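*Asks:* Sequence:
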Amino acid sequence: MKGIRITGQIPLDGEVRIQGSKNAALPVMAAALLNRGTTVLKGCPRISDVFLMEKILRGLGAGTRWQGDSLEICADQISSCEVERELGEKMRSSIVLLGSLLGRCREAVLPFPGGCVIGARPIDLHLSALKTLGAEFAEKDGRLYGRTSQMKGGTVFFRKSSVGATENAVLAAVCGEGTTVIRGCSKEPEVGWLCCFLNQAGARISGIGTSCLVIRGVPRLHDTVFSIPSDRITAGTYVCASAITRGKGILVKPPVKEMKAMLTAYEKIGGQYVYNSGKLFLCSQKASRPIHWLETQIYPGFPTDLQSIFLAVLACAQGNSQIKESIFEDRFKVVPQLQKMGAQIEVEEQIARIRGGKLRGTRVKAEELRGGAALVIAGLGAEGETYVENREFVERGYEDICRDLNCLGARVRKD
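Numbering (UniProt numbering), first residue to last: 1 to 415.
None of these hints come from the bench; they were simulated from the model.
There may be inaccurate statements among the hints.
Pairwise CB distance ranges (calculated) [to be verified]: (1) R355 <-> R220: 53 to 63 Å; (2) R65 <-> R220: 21 to 31 Å; (3) E329 <-> T210: 21 to 31 Å; (4) R216 <-> R147: 17 to 27 Å; (5) K324 <-> M1: 26 to 36 Å; (6) K324 <-> E86: 17 to 27 Å; (7) S326 <-> Y275: 22 to 32 Å; (8) D76 <-> T264: 45 to 55 Å; (9) F112 <-> R65: 28 to 38 Å.
The structure displayed is predicted, hence computed values, not measured ones.
Ideal Cβ placement from N, Cα and C applies to all residues, glycine included.
Sequences are here, hints too, so could you generate the full structure?
*Replies:* This is the structure:
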């Protein structure tokens, strides 16, 4: 069984460069199918989810090649519109292929997507948006069959903000006929980066960063070289690593403009930081205060992907804290594992009440990506040694969390 071994209570003090964004890279990879040519993604994170998406693209007929941290995708010849069941079921992000396949091939066959088990994540918003743009769907043998004679412009209104559904609507509309207006769309940075990539490749999208996108269809996209932005969740994870060890640390090229809610929470617990010349300098010696109330929200609010990781930090605070999870109903899945380490956490519906104290190292088990990262961070703050089983969950989103934390001065290794 693959795991991560952590020696706790070593104050961090080092420097690490932040990897490319997982949540930006995956939809951009899907978007590369719309270009009947070659796309180069610089700074693409070498993580298992990206490798899995790469494998899916190759199964559809695309060619891929790595040169360092640059991924080249050649989609001039797409031979299939069906995502292999075994691959699609492993990753929630495979659903964004629905929009790009319908836009490129006018049909798509996908298994219902899998990935982390963090509660119900229905795709009704995806299907409703794509139906508005001219698609029809049927379900058979656990597969979703989509078809269209031509994606056409229309007005899509999301009653609830959804990153994936917004991305699918954008991908379907880019090369469709006419003009599409998407209202109530997600304002998450990753949606903006997808739109920026598409515009760089010849799309006509306006309203980027707002809740209303206007897309004027174009006949085709063209080759482009695009730089994947830094990962705000990875950067936030390493801010938490500094906080829980009461250490320091320097993060190189973090996306600080996208991290305001995280850095505000960090300041509330006593952390201090300075951003200068592309580097975030952390000072966490006083990062021990509790937070009376923290609630996850859609962007620009506190991100749900950092909730379980920040929960580990608050378990070591000097006082009582509360976190409300407003995005996914099963984000507290990591709590029983933290309790094994001595965390005093009570969960009632979607609110966790944390009584700060000491954690002790023990053997725990990762069950999903961010919960696994939370256990690694908890291990940094615990007395003694912590062993986190199932490191493959963590590797879905972090290139090499052990390497990065060791650069910051930790003692962490793969087993």
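*Asks:* Each hint needs a verdict: does it hold in this structure or not?
*Replies:* Verification of the supplied hints:
| no. | hint | verdict |
| --- | --- | --- |
| 1 | R355 <-> R220: 53 to 63 Å | holds (59 Å) |
| 2 | R65 <-> R220: 21 to 31 Å | holds (22 Å) |
| 3 | E329 <-> T210: 21 to 31 Å | holds (28 Å) |
| 4 | R216 <-> R147: 17 to 27 Å | holds (24 Å) |
| 5 | K324 <-> M1: 26 to 36 Å | holds (34 Å) |
| 6 | K324 <-> E86: 17 to 27 Å | violated (37 Å) |
| 7 | S326 <-> Y275: 22 to 32 Å | holds (28 Å) |
| 8 | D76 <-> T264: 45 to 55 Å | holds (46 Å) |
| 9 | F112 <-> R65: 28 to 38 Å | holds (30 Å) |
When held up to the earlier numbered hints, the structure conflicts with hint 6 and nothing else.
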